[in-house]
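K.L.:
Work out the full structure, taking the sequences as your base and the hints as a guide.
Residue numbers (my numbering): 324 to 682.
Because the hints were derived from the structure by calculation, they are not lab data. Treat the numbers as computed from the prediction; the structure is a model and nothing was measured. There may be inaccurate statements among the hints.
As the list claims (entries may be wrong) - With a straight-line Cα cutoff of 16 Å, these simulated EDC-like cross-link-like pairs (lysine to aspartate or glutamate) come out: (1) K566 / E654; (2) K599 / D559; (3) K492 / E515; (4) K492 / E654; (5) K485 / E568; (6) K599 / E442; (7) K485 / D559; (8) K485 / D450; (9) K451 / E569; (10) K379 / E569; (11) K566 / D450; (12) K462 / D559; (13) K476 / D559; (14) K379 / D450; (15) K462 / D360; (16) K507 / D547; (17) K549 / E531; (18) K462 / E364; (19) K492 / E558; (20) K565 / D450; (21) K379 / D354; (22) K485 / D588; (23) K379 / E357; (24) K476 / E515; (25) K492 / D559; (26) K379 / E568; (27) K485 / E515; (28) K485 / D354; (29) K549 / E583; (30) K492 / E574; (31) K599 / E558; (32) K462 / E558; (33) K379 / E443; (34) K599 / E574; (35) K451 / E558; (36) K485 / D584; (37) K492 / D503.
Stated by the list, open to error - Quick list of simulated restraints, FRET-style, between CB atoms: (38) W641 / F502: 46 to 54 Å; (39) P657 / R454: 15 to 23 Å; (40) D584 / A631: 47 to 55 Å.
The beta carbon of each residue, even a glycine, is placed where N, CA and C say it ideally should be.
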Amino acid sequence: MPIIYQYLVKEVTKFFGIILATVVVIYLAVDFFEKIDDFIEAGLPTTKAFYYFFLKIPFIIAQIMPVGTLLSVLLVFGLMSRNNEMMALKASGISIHYLLAPILTTSILFALSLFLISEEIIPITMDKANRIWRIEVRKESAVSSREKNIWIKSNRMISHIKYYNPAQKAIYGVTLNHFDTAFKLIRRIDAERGTFQGGTWTLFMVMEQSLEKETGRYQVSSMDQKTETLPFYPEDLQRAVKKSEEMSFSELYQFAKKVEDEGYDATLYRVDLHTKIAFPFVCIVMCLAGAGIALKRTVRDALPLGIAYGVGTAFLYWILYSFCVSLGYGEMLPPFIAAWTANFMFLCGGAFNLLKTDY
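P.N.:
Written as structure tokens, this is what we have:
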């Protein structure tokens, strides 16, 4: 391996590690001071709190790896320009393509690492961390779920929901069982679906069975729509639903397929399925963006300005990425387009910047 190749790989990896470690420590410190009181109030030992924050580290790393890639490339090229190393390489006939090869290789390795972390580690650690927070800290044990099915036990009422769509705040396959003090069923409501608006649930295609005290028989009535005040809110259901980051790519694919096979809308999970591949690819996009910024004449002699441009670029990317994903959730963009639009636009922008560099 050529010396320059080794040098660039080593430097980019070194700064990448420093940036990751710094951001993880800062993030954990802020999160620790925000949540430690909750652990104390719940009567949990300090070791449990540290274990919870330890479980969150892989997720934090995954979120900041793209920005770390961009800033590490910026710092390496920026310092090389400040030390006139870029000028010496250019005078020696080293092309920009030769310099890009090692950092692109490194960014591909970062992208593969990010995918593996998201696929193998994060689903396990985030599931454990969320369970600690929901059950042991917040004591939210009244809501339980098995696959898509959600069971909610409240005062003399047991609710069963076959499927909850977080994006639409809609419930499907609803069964509400009301009991008296002797735990005898006195009322049952079955609904095809329900939506949450204005603090109440509106149920559609409803069949209601009510026990008549005089006859001891159940009176059955059907209606197209019925408004009910239920003992749970969308936030309660959201906590019961297994999140996309708690599932691997194959698990999420099977889950989305099963949701669709049963006739429910799986757009949310289809979008998340595509983002599981699109998001790791950001490392490559940010690598090109960082190189394009660092090699501009206005930035080469002002490293802080380059870092500011880099942070701004990452911020703009995140806004566009989140916006497109939201449009995907709202079915205004196809899942594939929603997940990949930001990558495509910034990849084109990064390539254009490299073509216009002053190297």
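K.L.:
For each hint, tell me whether it holds in the structure or not.
P.N.:
Outcome of the hint check:
no., hint, result
1, K566 / E654, "violated, 19 Å"
2, K599 / D559, "violated, 25 Å"
3, K492 / E515, "holds, 14 Å"
4, K492 / E654, "holds, 14 Å"
5, K485 / E568, "violated, 21 Å"
6, K599 / E442, "holds, 8 Å"
7, K485 / D559, "holds, 15 Å"
8, K485 / D450, "violated, 21 Å"
9, K451 / E569, "holds, 9 Å"
10, K379 / E569, "holds, 12 Å"
11, K566 / D450, "holds, 9 Å"
12, K462 / D559, "holds, 12 Å"
13, K476 / D559, "holds, 12 Å"
14, K379 / D450, "holds, 10 Å"
15, K462 / D360, "holds, 15 Å"
16, K507 / D547, "violated, 27 Å"
17, K549 / E531, "holds, 10 Å"
18, K462 / E364, "holds, 11 Å"
19, K492 / E558, "holds, 9 Å"
20, K565 / D450, "holds, 8 Å"
21, K379 / D354, "holds, 10 Å"
22, K485 / D588, "holds, 13 Å"
23, K379 / E357, "holds, 14 Å"
24, K476 / E515, "violated, 20 Å"
25, K492 / D559, "holds, 11 Å"
26, K379 / E568, "holds, 12 Å"
27, K485 / E515, "holds, 10 Å"
28, K485 / D354, "violated, 34 Å"
29, K549 / E583, "violated, 26 Å"
30, K492 / E574, "violated, 23 Å"
31, K599 / E558, "violated, 24 Å"
32, K462 / E558, "holds, 15 Å"
33, K379 / E443, "holds, 14 Å"
34, K599 / E574, "holds, 12 Å"
35, K451 / E558, "violated, 19 Å"
36, K485 / D584, "holds, 13 Å"
37, K492 / D503, "violated, 30 Å"
38, W641 / F502: 46 to 54 Å, "holds, 49 Å"
39, P657 / R454: 15 to 23 Å, "violated, 34 Å"
40, D584 / A631: 47 to 55 Å, "holds, 50 Å"
Hint compliance for this structure: hints 1, 2, 5, 8, 16, 24, 28, 29, 30, 31, 35, 37 and 39 are broken, all remaining hints hold.
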